[in-house]
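J.: Heads up: the sequence lines are chains G and X, in that order.
Going by this note's numbering, the first sequence opens with residue 1, and the numbers climb by one from there.
Going by this note's numbering, the second sequence opens with residue 1, and the numbers climb by one from there.
None of these hints come from the bench; they were simulated from the model.
For glycine and all other residues, C-beta sits at the position ideal for the given N, C-alpha and C.
Errors might be hidden in some of the hints.
Calculated lysine to any residue pairs in the SDA-like style (CA-CA distance at most 20 Å, straight line) [what the hints assert, rightly or not]:
| id | chain 1 | residue 1 | chain 2 | residue 2 |
| --- | --- | --- | --- | --- |
| 1 | G | Lys258 | X | Ile156 |
| 2 | G | Lys43 | X | Ala267 |
| 3 | X | Lys72 | G | Arg233 |
| 4 | G | Lys185 | X | Thr227 |
| 5 | G | Lys570 | G | Arg233 |
| 6 | X | Lys55 | G | Gly453 |
| 7 | G | Lys185 | X | Pro47 |
| 8 | G | Lys122 | X | Asp42 |
| 9 | G | Lys185 | X | Gln66 |
| 10 | G | Lys210 | X | Trp183 |
| 11 | G | Lys43 | X | Ile90 |
| 12 | G | Lys258 | X | Met153 |
| 13 | G | Lys210 | X | His78 |
| 14 | G | Lys43 | X | Pro88 |
| 15 | G | Lys219 | G | Ser107 |
| 16 | G | Lys404 | G | Pro381 |
| 17 | G | Lys43 | X | His288 |
| 18 | G | Lys207 | X | Ala180 |
| 19 | G | Lys194 | X | His78 |
| 20 | X | Lys55 | G | Glu184 |
| 21 | G | Lys185 | X | Gln61 |
| 22 | G | Lys210 | X | Gly86 |
| 23 | G | Lys210 | X | Pro33 |
If you anchor each label on the Cβ, the simulated ranges turn out as follows [what the hints assert, rightly or not]:
| id | chain 1 | residue 1 | chain 2 | residue 2 | range |
| --- | --- | --- | --- | --- | --- |
| 24 | G | Ile380 | X | Trp148 | 26 to 36 Å |
| 25 | G | Lys570 | X | Pro147 | 33 to 43 Å |
| 26 | G | Asp546 | X | Pro98 | 54 to 64 Å |
| 27 | X | Met186 | G | Gly260 | 22 to 32 Å |
| 28 | X | Pro33 | G | Ala358 | 49 to 59 Å |
| 29 | X | His78 | G | Asp306 | 42 to 52 Å |
| 30 | X | Glu48 | G | Arg503 | 17 to 27 Å |
| 31 | X | Pro33 | G | Tyr150 | 39 to 49 Å |
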Amino acid sequence: MKNLIKNALFIISAISILTFAGNSCSKNEEFRMLKIGLPEEPKTLNIWLASDANSHKVLSQMYQPLFVRDPDSLKLIPWLAEGEPAFDEKSLSYTVRIKEAKWSDGSELTSEDVAFTGNLIKDFRIPRHISRWDFIKKIDTPDKRTVRFYLNEPKAIFLTRTLVTSIVPKSEWAKVAKAAKESEKPLITLLNHKIESPLSSGPFIFKEWKQGAYIFLRKNNFFFGNGKNIGGRLIGPNIDGIIFKIFGTSDTAILSLKKGSIDMFWWNVQPGYLDDLKEHNDIKIFSNEKNGLYYMGFNVRKQPFDDVNLRRAIATLIDKDFIISRILQGHGVKMNSVVPPGNQYWCCSDVPKYADGADRKKRIKKAYEILSAAGYTWEIPPVDKDGNIVSGKGICLPNGQPMKKFTILTPPADYDPLRALSGTIIQEWLRSAGIPATAKPMAFGSLIQQVKGRRQFDTFILGYGNLDLDPDWIRNFFHSNNDRTMGWNMSGYRNPEFDSIARKSSGTMDKEKRRKLIWKMQKIISRDVPYIPLYNPKLNEAVRTDKFEGWVETLGGIGNIWSLCTVRPK
Amino acid sequence: MELLRYIYRRLIQIVIIFFVILTILFFLFHLAPGDPVSRMVDPNLTPEDAQLIIKELGLDQPLWMQYLYYLKNFLTGHFGSSFHYGQPVIDIIGNRLPNTILLFTTSIILSAIVGIYLGKIASWHKGKKTDTLMTLGALITHTVFLPWMALIMIWIFAYRLGWFPITGMISEEVWLNPNAGVWWKMIDVLHHMALPLVTLFLIHFGSYLLIMRSSMLNTLKEDYILTGRAKGLSEKVIRDHHAAPNAALPVVTSVGLSLAFSINGGALTETVFTWPGIGRELVFAVSHNDYPLAMASFLLIAIVVLLSNLVVDILYAYLDPRIRY
Chain G
1 MKNLIKNALF IISAISILTF AGNSCSKNEE FRMLKIGLPE EPKTLNIWLA
51 SDANSHKVLS QMYQPLFVRD PDSLKLIPWL AEGEPAFDEK SLSYTVRIKE
101 AKWSDGSELT SEDVAFTGNL IKDFRIPRHI SRWDFIKKID TPDKRTVRFY
151 LNEPKAIFLT RTLVTSIVPK SEWAKVAKAA KESEKPLITL LNHKIESPLS
201 SGPFIFKEWK QGAYIFLRKN NFFFGNGKNI GGRLIGPNID GIIFKIFGTS
251 DTAILSLKKG SIDMFWWNVQ PGYLDDLKEH NDIKIFSNEK NGLYYMGFNV
301 RKQPFDDVNL RRAIATLIDK DFIISRILQG HGVKMNSVVP PGNQYWCCSD
351 VPKYADGADR KKRIKKAYEI LSAAGYTWEI PPVDKDGNIV SGKGICLPNG
401 QPMKKFTILT PPADYDPLRA LSGTIIQEWL RSAGIPATAK PMAFGSLIQQ
451 VKGRRQFDTF ILGYGNLDLD PDWIRNFFHS NNDRTMGWNM SGYRNPEFDS
501 IARKSSGTMD KEKRRKLIWK MQKIISRDVP YIPLYNPKLN EAVRTDKFEG
551 WVETLGGIGN IWSLCTVRPK
Chain X
1 MELLRYIYRR LIQIVIIFFV ILTILFFLFH LAPGDPVSRM VDPNLTPEDA
51 QLIIKELGLD QPLWMQYLYY LKNFLTGHFG SSFHYGQPVI DIIGNRLPNT
101 ILLFTTSIIL SAIVGIYLGK IASWHKGKKT DTLMTLGALI THTVFLPWMA
151 LIMIWIFAYR LGWFPITGMI SEEVWLNPNA GVWWKMIDVL HHMALPLVTL
201 FLIHFGSYLL IMRSSMLNTL KEDYILTGRA KGLSEKVIRD HHAAPNAALP
251 VVTSVGLSLA FSINGGALTE TVFTWPGIGR ELVFAVSHND YPLAMASFLL
301 IAIVVLLSNL VVDILYAYLD PRIRY
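With the rest of the complex left out, here is chain X (with noise of 0.2 Å):
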C-alpha cells in the first residue's frame, strides 16, 4: 500500500518536472539564433519565399502563442511534421528508435553482463594480477576515444581482414535479392552490427567492471561475509550468493539509467558506423532548426529517463527488502 503511494507521488511529481522541461525546451530551441530558413543559401530563395515559409510553418506568430499551440497538439497527441523531411516526426522517430534500441541497449547489457560478471572477479583477486589486468584493461578502453576506436575497428576488422562490412545495418546485395529468407536478412543485420557491438561494448564494459569491483570491495567488508566464512560456507557461496547480488545494487542505478539514455543513441557511434538511429537525427535536427523533431526526441528521453529512475527505484525494493517506501 505505502509503496503504491509512493508510485502514485513520483507519477505526479514526473508529470510536473515533463511539462517543466518541456518548457524550457521549447522556449530553448526558439530562442537560439538562427531558424529553419536562415540555412538556406539559395540564391534562388528570395526575402518572400522565405518570409512565406516561416508564415506557413507558423514562426511569425508571437513566441507565446507559438507554445500554447505546441501543448494544445502535444496534449491531443501531435508532434509536428519535420521541417528538414517535411514528414510526421512520429514516423521519423519510429523509423530510427528501433534501430538505435537494438545496438544500444543490447550493448548496455553485454556490457552490463560482463561487467558485473568480471568486477565481481577482478575484487575477488584483488592485488593479483587477475585484478591488475581486469582493472588496467577497463580504465584503458573506458577512456579511449570512441570515434578513434570505431575508426580502429573498423580498418583492422572491416577494412584490413574483411570479417565485418565497414558499415551500415544492412547489405543492398542481401536486401535486394529476392532469394533472401528472413534468416539472411537477420545474420545481415547482425553480422553489420558486430563491429559497433563491439566497439560500444569496449566502451562501456570498463565503466561497470569498475563500479562492481569497488562495491564488492566495500560489501567484503561487511559482517555478514564474515559471519557466512566463520559458518564455514564454501567461497564461492560468499562471493556469488551473498557478497555480489548486494554489490550488484549501484550497477543496477548505473545499468538502469544508460539503459533510458541509450534510446538517445549515440551521434559519433550512428556517424562513424553510418547505424541508421535517432543520435544522428538529434543532432541534426538540432543543428538545423528542425523544433518538432528535436523537441520530440528530447521530450521522448525525458519521459524514458523520468520512468526509469522511478523503475530502477521500486527495482530496489525489491531486490534490497531492506528497503522500504
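Chain G with its partners taken away, still in its complex shape (with noise of 0.2 Å):
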C-alpha cells in the first residue's frame, strides 16, 4: 500500500512539473499571429496539385491573379492587373497592363511570368485549370509589364475565369516545367513535384509547415498592395502573420476558439455549436451565403424519369421550405433556379416554383393533378374522390404499366447528414403520393461513380459548395456534349434548343447580353427539371472579437483575401 501511495505521488507531482513546464514554455513569447483552424491538413504547396479548399486557403496568400471579386458588388476588380483589360475586335485579344509588383525573393513580377503560367496550364493540359486556357491561341509579352492574351474565339469566360488565374514564378517553375516534360510521366511529374518554399506575390510568405501541427506564413514585405488603396479598402496586410493550426474534429477546434487558441475557424459551423458559441462575449459569428447548389437529379435516359411531368410533381412534392426549416435549422437558402440566389447579377428569380409556399395536403393534390392529367394511374390514388388526402399505393405509368421501385442515392450521414436526411424525407413525401421512392445512402466515390461514370441511377441527390460566380458550369451541367462517361450532364438531359443558347452564351462577351442567355438558360431547366435545386446552405464562421477586427464579408463568408488583407489587431 505505501508503495501505492508512493507511486500515486510521484506520478502527480510528475504531470505538474509536466503542465508547469508544458504552459510556461509555451508562454514564453508571445506572437502577434493571427492563428486560423483548419479542418483538415492541406495536401500540397504544389499549386497544379492542389484541388482541396485547405491547400487553396495557404496557397491564395502567396500567388495571387490579375483580377479578383470585389467583395460588395462582386464584380471583377483590378488586382495584380493595373486597370481594366482592352480589347481589340480586329485580333480578337485582350491586353493587360500589370502593376508594379515582386516577388517575396526580391525579383519583378513581370507579363512573363503571367505568359509563362498560361502556357504552362497548355502544355501540360493541367486539369481544373486547361478549360479556363484551352480558347487561347497565343500570350504575347510586348513590355515587362504588358501581357496580350489572343483567342481562338469569343470565349465569355476569359474575363471571368481565365484572368482570376493564380501567376506563378517563371523563375521558380520552368525548371521543373523542363524536367517534367523531359520525363516518362509529365503531368504526373508536375503535378508531384514538391514545392519545399514557394515564391509568393501576395500578402504573405511561407516559412514553415510542421506536418500534422501547423503552417506558418510570415508578412511579404515586397507584397504590392502593401498600403494602396484597391476597390475602396487600404490594404495591409496589418497582421505580423498568419499561423494555420490544423483541427482532426470541428469540437476540439471549437474548445480552441473558446479558450482562445485560434482567432479563427475557417469552416463551417455546424447549427449545433452556434448556441453555445453566441453565449460567448469575445466570439462572433458571422452567416453569409455560399455560392453553392444542392439538388435532387434524375436520370432522365431512362422511364420513367424521361416524363417532365413525373418530375415536375416530383419537385411539388418537395417542400423546400420544410427541409431549410427543420433539417438546416435555418441556415439556409431555399432554390428555385440552379443559379444560387446570392449571385444577384446571374440568378433568374422569374423561374417555375413548383407549388411554392403550399402545405402538404396543397402539394399532393397539386402533384396528383399533374399527374392525372399525364395519364398516370393509381390502385388508391393519394386523393380520394372527395377530395381527402389518403395514402396512395399502386401508380402506374401513362402506358398502364406499374411503376417500378426506384432509388434516390445520396451521401451518407458521417459526409453529409443534410443530403442523407433530405433523401429520407424526399422519399417519404413520393410515398405519400403513391410514388415508390427508397434513399439510399452510399458511400461518396461509390456514388460519384454510379451517377457520374457508369451512369446507373434513377434520382440523386448532389450537390457543390463552391461554384464559379461565372455561371458557365450550367453549360457543362446540361449541354448534351457532356452526356458521357464522366462527363458532367449527369443527368443525360439532351436539349437542342438550350445547346443552341448555351453555346451562344459561351461565345457572347457583352455581359448583359450574356445574362439574358444565361437567365433563359436557368427559366429552360426550371421548366424541364432535370434537377430539382433544392437549397444553398449559409455559411457559419466564428471568429474571436478579442484580438483581430476588420473582416471584410462577401459571398463565401469572411474567408478571403480581402479579410487577410485587412485584418488588424484591435
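Assemble the dimeric complex from its two separately framed chains, guided by the hints.
T.: Here you go:
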C-alpha cells in the first residue's frame, strides 16, 4: 500500500511539473499572429496538385491573380492588373497592363510570369485549369508589364475565369516544367513536384510547415498592395503573419476558439455549436451565403424519369421550406433556379416555382393533378373522390405498367447529414403520393462513380459547396455534349434549344446580352426539371473579437483575401 | 539448432503469407468502387482531364498488368507516390510513423506494466474490496467509448482546467521560438502527449489487468504454489517469483500483438487529439482510393504483425523453459 501511495504521488508530481513546464514554455514568447484553425491538413503547396479547399486557403495568400472579385458588388476588379483589359476586336485579343509588383525574393513580377503560367497550363493540359486556357491561341509580352492574350474565338469566361488564375513565378517553375517534360509521365511529374518554399506575390510568404501541426506564413514586405487603396479598401496586411493550425474534429477546434488558442475557425460551424458560441462575448458568428447548389437529379435517359410530368410532380411534392427550417435549422436559402440567389447578377428569379409555399395537402393534390392529367393511374389514388388526402398506392405509368421501385442515392450521413436526411424525407413525401421511392445512402466515391461513371441510377442528391460566380457551369451540367462517361451532364439531359443558347452564351462577350441568355437557360432547366434545386446552405464562420477586427464579408464568407489583407489587431 | 530450424521454417511461411496478403490487398483496393479521380467533384475537371490523370497514374492498364507492375516495383523497393499528396509513400509513412510509435507504443508498454502489476494484486486479494474495485475499474475504463472518453478528458483537463493543450503534438509558440532549445521542445511534446497517453492508458490497462488476474488465479491453483507454501516461502516470494512469472505468459502474447498493431495507430484517437500519426492517414487513404499509400501502410502492418508473432513465439520458449520447438 505504501508503495502504491508513493507511486501515485510520483505520478501526480510528474504531471504537475509537466503541466507547469509545458504551459510556461508555451507562454515564453507571445507572437502577434493571426491563428486560423483548419479542419484538415492542406495536401500540398504545389498549386497544380492542390484540388482541396485547405491547400487553396494557404496558397491563395501567396499566388495572386490579375483580377479578383469585389466583396460587395462581386464585380471583377484589377488586383495584379493595373486596369481593365483592353479589347481589340480585330485581332480578338485582350491587353492587360500589370502593376509594379515583386516576388518575395525581391525579383520583379513581369508579363513573362503571366505568359509562362498560361503556357504551362496549356502545355501540360493541367486538369481543372486547362478548361479556362484552352481557347487562348497565343500570349504575347510586348513589354515587362504588358501581356496580350489572343483568343481562338470569343469566350465569355476569359474575363471571369482565365483572368482570375493565380500567377506562378517563371523562375521557380521553368526548371520544374523542363524536367517534367523530359520525364516519362510529364503531368504526374509536374503535379508530384514538391515545392518546399513557394515564392509569393501575395500578402504573406511561406515560412514553415510542421506536418500535422501548423503552417506558418509571415507578412510579405514585397507585397504590391501594401498600404495601397484597392477597390476602396486600404490594403495591409496589418498583421505579422498567419498560423494555420490543423484540427481533427470541429469539437476540438471550437473548444480552441473558445479558449483563445485560435482566432478564427475557417470552416462552416454546424448549427449545433452556434447557441453555445453566441453566449461568448468574445466570439462573433458571421453568417453568409455560399455560392453553392444542392439538388436532386434525375436520370432522364430512362423511364419513368424521361417524363417531364413526373419530374414536375416530384418537384411539387418537395417542400423546400421544410427542408430548410427542419433539416438545415434555418441555416440555408431556398433555391428555385440552379444559380444561387446570392449570385444576384446571374440568378434568374422568374422561373417556375412548383407549389411554392403550399402545405402538404395542396402539394399532394397538385402533384396528383399533374400526374393524372399525364395519364398516370393508381390502385389507391392519393386523393379520394371527396378530395381527401389518403395514402396513395400502386401507381401505374401512362402506358399502364406499374411504376417500378426506384432509389434516391445520397451521400452517407457521416459525409453529409443534410443530404442524407433530405433523401429520407423526400422518400416519405413521394411515398405519400404512391411513388415508390427509397433513399439509399452510398459511399461518396461510389456514388459519384455510379452517377457519373457508370450512369446506372434513378435519382440522386448531390451538391456543390463552392461554384464559380460565372455560371458557365450551367452549360457544363446540361449541354448534351457532356452526356458521356465522366461528363458533367449526369442527368443525361438533351435539349437542342438549350444547347444552342448555351453555346451562344459561352461566346457572348457583352455582359448584359449574356445575362439574358443565362437567364433563358435557367428558365429552360426549371421548366424541364432535370435537376430540382433544393437549397444553398449558409456558411457560419466563427471568430474571436478580442484580438482582431476588420473581417470582410462576401458571398462565400469571411475567409477571403480581402479579410486577410485588412484584418488588424485591436 | 532445433530453434534455428524452427525460425527458418517460420520465415518461409511469413514470406508466403506476406505475398498472399499483398495480392489480396491489391485486388481488394482496386476492385472497390471508385477511383482517385471520382472524388474530384470540380466542374472544371473535364472527362478528358480525368482520363489523362487515370492514364498517367497507370490505372487504365488491365488489372493483372497493374499487379505485375506493383510486384516489380515492390520487389525493387519502390512503393510509389501517394495520389493525394503527390509524395513518395515512404516519406509520408516515415513522417507519420514515429509519432504513432511514440504515442501508441508508450501507451501499450505503460498499460501493460500497470495492468500486469494491478492484475497480480487483484488476484492475490480475490473476493476482497481491492479486487472488486480494481476489476470494476478495469471493466469500466476498458469498455468506455474511446472518442467520448477522449473528449471528456479534453474538456476537463485541457479546456476547463487548462493543464494541457487541447489538441496537437506541438505548440507553435515553442517551435517558432528561436530561443526554445531541444529540452523545451521535448517537454512541449510530452505536454501534448500527456492527455492522449492517459486516455489510451485508461482504455488499455484494464484488458491487461483482467488477463493477468485470470491467469494468476489459474496459476495459484498449481501444485508448485502449494509446494512453495509447504516449503515455508513468504507470500511475496510465492506471488512475485513463482506465480507472476508463469501467469504473465498469456499477457506476453497480448502485449506482443498489441505492440505490433500499435504501428497501425488509432484513427479515432489520432483524429480527436489531432495527433499526426499513421492511423488517420490510413483511413484517409482507403476512403480516398489512394492505393499506393493504403497498400504500403497495410503491408507495413502485415510485416510487423507477422514478425512479432515469430518474436512472441521465440520469447515464449525463453520465458518458459518447458516450451521447446
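J.: Between the alpha carbons of G:Lys258 and X:Met153, is the straight-line distance 20 Å or under?
T.: holds, 17 Å
J.: Starting from the hint 17 to 27 Å, judge whether the C-beta atoms of X:Glu48 and G:Arg503 obey it.
T.: holds, 19 Å
J.: Regarding the pair G:Lys43 and X:Pro88, is the alpha-carbon distance no greater than 20 Å?
T.: holds, 13 Å
J.: Quickly compare the C-alpha distance for G:Lys210 and X:Trp183 to 20 Å and report which way the hint goes.
T.: holds, 18 Å
J.: Checking one constraint from the list: CA of G:Lys210 to CA of X:Gly86, max 20 Å. Satisfied?
T.: Roughly 17 Å separates the two Cα atoms, so the pair holds.
J.: Holds or violated: 22 to 32 Å for the Cβ distance of X:Met186 and G:Gly260?
T.: Because 25 Å falls inside the window, the suggested range holds.
J.: Taking 20 Å as the top limit, are the C-alpha atoms of X:Lys55 and G:Gly453 close enough?
T.: holds, 16 Å
J.: Given the hint that G:Lys194 pairs with X:His78, does the C-alpha gap stay at or below 20 Å?
T.: Distance of about 18 Å is within 20 Å: holds.
J.: Taking 49 to 59 Å as the hint, is the beta-carbon distance of X:Pro33 and G:Ala358 inside that range?
T.: violated, 39 Å
J.: Taking the CB of G:Lys570 and the CB of X:Pro147, does the distance hold inside 33 to 43 Å?
T.: holds, 36 Å
J.: Taking 54 to 64 Å as the stated bounds, is the beta-carbon spacing between G:Asp546 and X:Pro98 within them?
T.: Given about 37 Å between the Cβ atoms, the range is violated.
J.: Given the hinted pair G:Lys404 and G:Pro381, is their Cα-Cα distance within 20 Å?
T.: OK: G:Lys404 and G:Pro381 at ~17 Å, within 20 Å.
Of the numbered hints stated above, those contradicted by the structure are hints 3, 4, 13, 23, 24, 26, 28, listed in ascending order.
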